[in-house]
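Engineer: Modelling step: build the complete structure from the supplied sequences, incorporating the hints.
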Amino acid sequence: MNVLLVYAHPEPTSFTAALRNVAIETLTAAGHSVEVSDLYAENFNPVAGRHDFTTVHDASRFHYQNEQGYAHTHAAFAPDLVREQERVSKADIIVWLFPIWWGGLPAILKGWFDRVMAFGFAYADGRRFDSGFFKHKIGLLCLTTGGTVERFSAGNVYGPVEQVLYPTQHLMVEYLGMKSYPPFVAYAAPRIDEAGRKAYLAQWRERLMEITEAAVPAL
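For what it's worth, the working numbering labels the leading residue of the sequence shown as 1, then goes sequentially.
If you're looking for bench data, these hints aren't it; they were derived computationally from the structure.
Treat the hints with care, since some could be wrong.
Stated by the list, open to error - Here are the computed lysine-lysine pairs in the DSS-like style, where the Cα-Cα straight-line distance is at most 30 Å:
#1 198 to 135
#2 110 to 135
#3 90 to 110
#4 179 to 110
Structural biologist: Here it is, written out as structure tokens:
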């Protein structure tokens, strides 16, 4: 299978980077093809605009979704978007790896969704959720938090992580039609000791093997 890792962290010694490295090692050893979109290393521009297109649908008024649809029809996306869309198209499984900042995605990753998952390419009228273009792909969130698991529990300060991630899990990954799994969350990654980090990495290896082994007959 082809696996795309969309990695969004600026620090190569971060625990998010360790999760990425384990994913590469585990999936490659299992015989899967792995590609990485390293958004910071590749200087991915998260800001949407007319620079996303080599065509102009309406010069008098910039309507981003309309310009996306027009560019899709005319094969006129900017080179960085063509590269990312080709990576997405090839992937059977997409894993997004990121730290949760201010209750959501880092800006660079939100911008990746805004620009890459364009109207026409990733969704269209009547092609969302169960009827989405990507219903034969698997999507998985892998994230680190600064807060403890207790803080991300019902009745506590942040609320359940499922509630925090709803805009990403449901309105982005599942919106595209993907089969999604519960996110892998490494809680309080900067605060735990070495044994705790090793335990998370072992759990992450196990999760990846479970998902890929279950996916082989279905894909």
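Engineer: Taking only the CA atoms, is the gap from residue 110 to residue 135 under or equal to 30 Å?
Structural biologist: holds (21 Å)
Engineer: Going straight from one Cα to the other, do residue 179 and residue 110 come out at no more than 30 Å?
Structural biologist: Cα-Cα ~20 Å, so holds.
Engineer: Sort out whether residue 135 lies within 30 Å of residue 198, counting only the CA atoms.
Structural biologist: Since the Cα atoms of residue 198 and residue 135 sit roughly 34 Å apart, the hinted pair is violated (cutoff 30 Å).
Engineer: Taken at face value, is the distance from the CA of residue 110 to the CA of residue 90 at most 30 Å?
Structural biologist: holds (21 Å)
The structure shown violates just one earlier hint, number 1.
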